[in-house]
Structures are given as structure tokens and as C-alpha cells.
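Using the sequences provided together with the hints, build the complete structure.
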Amino acid sequence: MMVTGVTKRISAIKFAMLSPEEVRKMSATKIITADTYDDDGFPIDMGLMDPHLGVIEPGLRCKTCGKKVDECPGHFGHIDLAMPVIHVGYVKEIKKLLQSTCRSCGRLLLTGEQADEYSKERDRMEELTGDSLESSSISAESAKDASSRTSCPHCGAVQLKITLDKPTTFREEGHKLTPKEVRERLERVPDGDLVVLGIDPTVCRPEWMVLTALPVPPVTVRPSITLESGDRSEDDVTHKLVDVLRINQRLRENRDAGAPQLIVEDLWELLQYHVTTYFDNQTSGIPPARHRSGRPLKTLVQRLKGKEGRFRSNLSGKRVNFSARTVISPDPMLSINEVGVPITAARELTVPIRVTERNLALAKEMCARGPTPPGPGYKPGVNYAIRTDGRRIKITDKNAETVAESVEPGYVVERHLVDGDIVLFNRQPSLHRMSIMAHEVRVMPYKTFRFNLCVCPPYNADFDGDEMNLHALQSEEARAEAKVLMRVQEHILSPRFGGPVIGAIHDHITGSFILTHKDSSFSREETMKMLEKVGDLKLPPPSVKTRRAERWSGKQLFSMILPKDLHITFKSSICQKCSMCKKEKCENDAFVVIRNGELLSGTIDEKALGAFKGRILDKLARDYGPDTSRAFIDRATKLAVGAITIRGFTTGIDDEDIPSQARREIEDAMTQAKLKVEEHITAYRNGELEQMPGRSLEETLEVEIMKVLGKARDTAGQIAGRHLGLENSAVIMAKCGARGSMLNLSQMAGAIGQQAVRGERLSRGYWNRTLPHFEQGDLGSEARGFIKNSYKSGLTPTEYFFHSMGGREGLVDTAVRTSRSGYMQRRLINALEDLKVMQDGTVRNTADAIIQFTYGEDRIDPARSVQGDAVDVDDVLLTVLGDKGELIAKIQEKGVVSYGIQDRDIFETPEDAETEEESDFEFGGEEG
Amino acid sequence: MTEEFNVLEHELVPEHHLMPKKEVDKILKEVGLARDQLPRMRLSDPCIRALDAMGSPIEEGMIVKIVRRSETSGMSVCYRLVVRG
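Just so you know, the sequences run in chain order V and E. Using my numbering, count along the first sequence one by one with no gaps and you end on 928. Using my numbering, count along the second sequence one by one with no gaps and you end on 1085.
Heads up, some of the hints might be wrong.
A short, non-exhaustive set of chain E residues, derived as facing chain V with CB atoms under 10 Å [to be verified]:
1) Val1031
2) Leu1038
3) Pro1039
4) Pro1057
5) Gly1061
6) Ser1070
7) Thr1072
8) Gly1074
9) Met1075
10) Val1077
11) Cys1078
12) Tyr1079
13) Val1083
14) Arg1084
15) Gly1085
Some, not all, of what chain V presents toward chain E, calculated at C-beta under 7 Å [to be verified]:
16) Asp243
17) Asp848
18) Phe853
Subject to a maximum C-alpha distance of 30 Å in a straight line, what follows is the list of computed DSSO-like cross-link-like pairs (lysine-lysine) [what the hints assert, rightly or not]:
19) E/Lys1022 - V/Lys25
20) E/Lys1029 - V/Lys8
21) V/Lys120 - E/Lys1065
To be clear, the hints were calculated from the coordinates, so they are not data collected in a lab. Don't be surprised by glycine CBs; every beta carbon is placed ideally from N, CA and C.
Here is the structure:
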């Protein structure tokens, strides 16, 4: 193998301070004038743009190192300050030092023994753990101990109290200490005492915290820009340095001329202000320095800090090449592993191909096509070629032929994307590892990225205008790694709960319901239409064959795409959860039995195929592996889409139509509920209401009323539900788990019900009433936010108002929750990012220290677990014992029921809450 | 008024065992670790103080074995280094 570069390991990083001598020594020039350029536009010597500080204009050479732009890194200069000033970054340390050392002799305010004790403790600590955090806590302790003394143990001087006037003024019992005095005191502290305080005196003397010389950063750090008008515009840092220089100059002149003390002090303070804001323009306690336009200046600290600072936006995260972003749209004909890339994007994104003797002809051919190969059909061209000497040549339509001829082994040509290339596909926010997955390219016409609908859940994508990013991988190693580890099919099972995250949604579920529910069947023409998309299947004999027609059952068609040895039994989403399950004889066809890859009974819906819940997906991904699962999902998509296309499916407002008889019934129920509420209120007013334990009388009343009204809404829902059967599209969607819920439907057809804020009936607004339409103190159902109308029948003005109040709470909650959980996620990731499971099963950080002795205490990869458990015992039993196993499973099921945890639905987690909310937005609020 | 309560007897506190000095090296070898790679616990930790009150005095540098009930594996063992504090 070729060795490229030497790898070295950093053993330690040491931070120290710059001494004034060092500042002067590293300085290329001293800066004395505040002017930058002279009238001819040339930089002034010893000015802020001195040519010794580096070059920013192309063509010029640096006066210090003689190199050109991009070669010269820039050189520091320095300003000699007329009077010392305090460095804002070190005020805390200065305060600590002043408080813990003697004001007259400068010694640490600890006796020799005490100091020794602390030193010893530090040594012991370092020996034991080598943790710098621990040792810094020891020095903090010793400083605290020392500052509590009132007299010096060495010279006996009485110590005065030092206070800090934010941000940079120190006072001793009210008397102001000038930076000069502070510096003198710090100078007196002996080296030996500094060690106790955790300072290494060989690299860091405390008096350096009071500046006498200010380093001036190279011009490359603060480049000036030339505007279109020809004017120069200087960087904020340069502006600030001009201020410092100007005041420094005036201070020196005044001091040397023997100006009154007052004036000198004022100027000194002004210099302190400018130096402080030069470092940090958001120091609390002083007004930020502003640009002429009123915009606060961006000085050193602002450049580094926060989300837009150097660390988070330029070092941890960067802008990259070979990436694309556009709107996404669905395409059920693509495999889940694929992504449709528009031609325009494919011609911009390139993959470097190393030319060898074997691919020489191909490389030449692609190269000759240039960057815009003519049609018909998509053929990859080349945007750049890299010669053997490393020169990069841009290929244009004009030079394509010539360059193609010169291509020889050793060249690298950057060819356009072609079908089958591996790319990374990503949607923000990238909250989990499935937010970035590897897809295979399919170059397609039009302008959007397209992918299979089953991949929406892991990206949390929809097509209401979402955009996604795509990154073309640039090395064989990266492509191989992405293909093995990041391909969509490798992520069907989520590491979050060990179930599928990739699976059917919406129409896909409705489609499979239509295909398989009860004895749905299809004519030869329909069957062929469906199967032609799926492809590669042999048509079985029709399930029904009469003289006139032959029909294929949906269950039969679905069985065709199942592996031939699949056994599984479970209950569908449409299951009514009857107390006595009739198993295979279920009249809702909700008991799914698959034997030898044949769907014997049951309906295929969300519980079978759905993302998060799909049992078949779960089983396939676990037992048959990613390839089989991918093939199944691809085919199921096409079959389901075929089925729903043939039958046709629509929903509209008439889906919520109920007979007028039912309407009257609902109205009656509402009136009765209202009367009952009034009864409760009268009982309360008369003091006849029986108080509930642990509740006040008012609370009891509220609970009773909520109960009555809750029941009223349910009754309305039930009445409406009687007239909403499975012939109704909206009901099909709700029952099979495609979209919406029965609650949403009953709110549309029956009644919306009680609106609530913070889980209570509405009560705020006006004095003792919610709206001026009601009497003060009215506790009745209508006055406190009960909506007896349905979304379809329409709301009264007061009801509409109440509904808005309830809806507002939901919106506020979402807004608050997203920002809070985003910050939580950030902190969690920062804490966990460098943890790693080692070969020996331990979890360790980068320091190789143990975080967990055994990963998860059981070494189980949650993505390979069965909903969190290492082994699915029931499944093993069923596989080994066959039908006998079923008997045992039945017995076990009974056992589990008695513990009351039969429906261990771990999927009822935020994910579901979210979908619920989305539907909330579409269908209106739900309360309960 | 308040009765002394031994935290080690609380059901939510896992078992703590002080490892004899002789065994420490053996254990470290067994898990293949140096002292400074172990997770730490402070001398001021209530469990350490309870252990200390029960028997021999505990110094920094000693190792405590903690056996806890685990949701995932039934039982799990880990070791901690006692440090100052």
C-alpha cells in the first residue's frame, strides 16, 4: 500500500498566555498611526494596513516573508499601550489572585504547611486519575481558602476587601485600583505561590493579564473590501483597532505634556473601554461599540461565539461541494433504495473516475461528450479532467474533443452521475441516523428529487414543498462504506425500538386493504394491470373459475410476493378487540394467518405493512434480511398502488353525511347532557353535591361535568358511527390506519365536544365569564366551551371562538416543545458523540475510559432486538414446534393477559402523537 | 428526631462491595483496564460513607464493585474507583 503522510498522535495541548515581550518579539512591525491608506491608496507604513502584516491584494508580495496571496499566512504587529489596561478575558482570574495574595508582600495568604498540603493533594490527584478538571477544583479550593484570611501569615499586613466593579474596575474598600496598581501587585506574587493556585509560572505570569502591549492581527484576518464604487470598506476589527490607536495616541500626548490628572484618567478609562470592546463587544455593563450606521461591531469574541461563530459554523460544520438541493416528490415505481435525480442536477454532480487502460476508451468517449451531451436519452459527460500532473482542466463544448484525445491512463475524469451511483440523501433536521441514507441514483427528467413513499417516515418527509439534500460520494472507499452501512434497505429496522421505520403509509395502506379485505377479487384484465408493474411473477390459476369469468382473489395476489416459507399470525388494525376472539372466523377479517407464504385469512393493513407497526416487515427484515425485505416492500408498493388505482378511491364531505334521524338523536343526546350539567350545577348551588375525596367542591363539580360532556361526545360519535360503515372511504382510511381516526370522523359527523386549555374547561376571558354573551358565573356547558355542533354542521360564533382558544394551546405547545427538544438533543449529542462500543463490548470515550462495562448491560444491538428484547421466544417456539408451538403460544398469551400487558404497544410514542397532531391540523381539534 | 438510615438498604440503591486490596489487581487484569480508565465515585458519596461506617475505613484509590439489577440483562456488574471529594 502507498503511504500517504505520517500520522501522529497529539498527546497534550497546553494553553499559556502571551507575555508583552513575546508580543513584541512576534510582531512584524509596531503600529503607531491610526490611518490606513494614504491619498494614493497605498498602505501607510506602521499603520494598520502596513504591508509587513501580510498581503490581501493579488499580485503584491508580503514585505515580511516575500510570499504572494494565499502563500503568506500573514504576520502579527503590535501596539505599545501608553498605560496598562486590564484584559477583559482574565478579570475573574485577576480578582482571584488579588483576593488570595497579600497586598503588601504579594505572598499567597496561606501558611507554608497549608500550601504544601494543597500541592501534595494535587500531585496525588494527578497520579491517581490524571484529570485536569479535578486538579483545577483543588486550585479553586486553595484560592478560596486563602482569600478568607484577613491578615498575611508572612508579613502580617492587614488585608482589605477587594471587589470587582463590572466589567474591569477593581476596588479596595471603595478605593479605585488603577490597572497599573493591579499590575504591580500581580508582579509581586512569587513563582512558587502560583503553582499552588494552578498556574505554571514558566509559561504564564499573572501580570501579563494586564496588557502593556496589544497584538495586532494580520491583515489576512481582517481584510478590507473594495466596494463597486471604488471605496474601501474596512473590517470591524480594523475599525476597533483605529479607535484604540487614536485614544492611545491622545493619552500618550496628554500624559507627556503633563495634563491634569483628571484628563489623563478619563482618557485611560476610554482606552480601557476600547480595548475591552476590541476583545468582546458584548461585555455586560458597558454599551457596545457601534458602527456609524448604528450596527454593533463584530469584534474578536463575536467572531468565535455561538451558532454563527467560527467553531459551530466554520469548523464543526462546513459548506461542501458535490451536493444538490431541491424539492422532493413521490414515485412509487422507484425501489426504496433508489432516488430520482433530475438531469440538470446529475450533470452538475460528478464522480471522479481514475483512467486506466481498461476504461480508457470509455473515459475518452465520455470526455468527448463534454459537459452537455446531446440527446436523445441521458448520457454522462465530463465537467473536469485532472491531468497526470494534477492540473485541473475545465471541459467546455469547444475543447471537449481535444481534451478527450489527450486523456491517458493516470488521468482522473469527473463524470456526471449515472444510474446506480451511490449518493447520500438527507433531510433536516437530521435527528437520527436514518436522516441520512445512501440511495442509488436514477437519472430522470423534470426537476425534483423522487423516492419511494415508504422512505418518508425515516426522513419525516412529506411533499408539501419539502426540500432535501443530496451528496455525491467522491471516493471508492466512501461509496463502499455507504453501500454496506448506509443503504436504505439496511435501515428498515430502527435502532430506537427494534421495529420497522420504513413501511407503507396513507394510500399504500388503503391500497393493500382494498386488495386483501375479505373476498375482494379481480378480473383477468385487472390482475394483469396490477402484476405488470410488479413484474417477474408467474400468474397462478384463478381462485374462481366459472364458465363466464375467471377471478383472482386479492389474498392470492398478495401471497405471490411473500417468501414461500413465511409463517406469521397476528391481528390487523381493523380488529375490534372483541372480548372473545373468533380467530380465523373473524367477521371483520382481522385475523391474519400466513402459512407457507399463503395469506389464508385476514386483511393486510397498517399492522402488516405500516411504518412503525408492520409485523410482516418486522419479520422479513429480521429473518430474511434486507434484500428480501427490500424486494417485498418494492413489490407491495406497486401492488397496493395498482389495487387502489383499479378500484378508485376518494373521500369528500359527503363521507360524513348521516341520516336526519341520527342528527336528531345526537341533538337529543346533547340537550340531555346540557340538562344533566345544569342538574349538577343546581346540586352544587344548593350544597347537595357530594364532595369527592381529595377534591374541593368546585373541582368535584368540574370533574362531574367533564364526565357528562365527555360521555355526550362519545354518544354522538357512536350514533354517527352507526351510519359510517366500511363502504365509506373515510372510515376505511381510519380503520385500516392509513389516515385519520374514528375520533376525527365523529368530530366531523357527530359533535366536536368540550374544548379545553390546560386540561380544564375554558374559564378565562372576561370578568367571571368567558365571553360577554353569557351571564357572569355561568357554569353551564355552553358558557364553558362545549361544542355540540360538528365540523360539518358548523359552529356557532361562540363555539368558533372557544375552538380557537383550544386550538391556540396546541400551536403554542408545539412551538415551545420543538425549540426545547432541539436544544436538549444538541446537548445530548454533544455529550455522547465520541462514545464508541469497543470490540470487547465496553463503551468507552476518546480517553479510553469506561462509560459502560457492557453495552446496554446485555450487549444487544437495539436494531437487531425484538422490540427491545434479545430473543423473541414465542417466535422461536412457533418456528421449532410448528402448530404445536401455536398451542404453547396460546397458553402463553393467556398468561400474559392475566398480567394485563397483552397489548405491549411500545409504538404509542411521540411519533404517533405527532401524526395525531398533524391530523389535528387537518381535521380540527380533538378534546377529551 | 431523624433516625439514621442506611442508604445501602434502600431498594433503589444497588449493592456496593468494597474490593479487598489484594483482589484489585486481579480484577483490573481480568477486565483489562488501568485504574484511570474506571468510572469514579467520590469519598463523599453516601454509599461510600455508609460502607465506611460499616467496616474498615475507605481511602481513595480503592475499588468498589457495584452489582445492580438490570432491566435488560437481569444483573450487571461494574467497578468504580474511589476518589477524593
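Status of the hints after comparison with the structure:
1. A distance limit of 10 Å between C-beta atoms decides the matter here; for E/Val1031 the minimum to chain V is near 7 Å, and the interface restraint holds.
2. Nearest Cβ of chain V to the Cβ of E/Leu1038: about 6 Å, under the 10 Å cut. The hint holds.
3. The beta carbon of E/Pro1039 comes within 6 Å of a beta carbon in chain V, closer than 10 Å, and the hint placing it at the interface holds.
4. Evaluation of the E/Pro1057 hint against chain V yields a violated restraint, the C-beta minimum of about 17 Å exceeding 10 Å.
5. Satisfaction of the interface hint for E/Gly1061 is found here, the shortest Cβ-Cβ separation to chain V being roughly 6 Å, below the 10 Å cut-off.
6. Contact between E/Ser1070 and chain V, as hinted, is supported at the beta carbon level, the nearest pair being about 4 Å apart and thus within 10 Å.
7. Restraint check, E/Thr1072 versus chain V: the minimum CB separation of about 4 Å is within 10 Å; hint holds.
8. The closest approach between the C-beta of E/Gly1074 and any C-beta of chain V is roughly 8 Å, which is under the 10 Å cut-off, so the hint is satisfied.
9. Interface hint at E/Met1075: satisfied, since its Cβ lies 9 Å from the closest Cβ of chain V, which is below the 10 Å cut-off.
10. Satisfaction of the interface hint for E/Val1077 is found here, the shortest Cβ-Cβ separation to chain V being roughly 7 Å, below the 10 Å cut-off.
11. Using the Cβ-Cβ criterion of 10 Å, the hint placing E/Cys1078 at the interface with chain V is satisfied: the shortest such distance is roughly 5 Å.
12. A cut of 10 Å between beta carbons decides the hint on E/Tyr1079: the least distance to chain V is about 7 Å, and the hint holds.
13. Annotation: E/Val1083 was flagged as interfacial toward chain V, and the flag holds, the nearest CB pair being 6 Å apart, inside 10 Å.
14. A hinted interface residue such as E/Arg1084 counts as satisfied when its beta carbon comes closer than 10 Å to some beta carbon of chain V; here the least separation is about 6 Å, so the hint holds.
15. Of the supplied interface hints, the one on E/Gly1085 holds, with its beta-carbon coming within about 8 Å of a beta-carbon of chain V, less than 10 Å.
16. The restraint placing V/Asp243 at the interface with chain E is violated, with a minimum CB-CB distance near 47 Å, outside the 7 Å limit.
17. The closest approach between the C-beta of V/Asp848 and any C-beta of chain E is roughly 6 Å, which is under the 7 Å cut-off, so the hint is satisfied.
18. The restraint placing V/Phe853 at the interface with chain E holds, with a minimum CB-CB distance near 5 Å, inside the 7 Å limit.
19. Under the criterion of a C-alpha separation no larger than 30 Å, the hint pairing E/Lys1022 with V/Lys25 is inconsistent with the structure, at around 57 Å.
20. Between the alpha carbons of E/Lys1029 and V/Lys8 the distance comes to roughly 29 Å, so the proposed pair stays at or under 30 Å and holds.
21. Distance restraint check for V/Lys120 and E/Lys1065: the Cα-Cα separation of roughly 28 Å lies within the 30 Å cut-off, and the hinted pair is therefore satisfied.
Checked against the numbered hints above, the structure violates hints 4, 16, 19; every other hint is satisfied.
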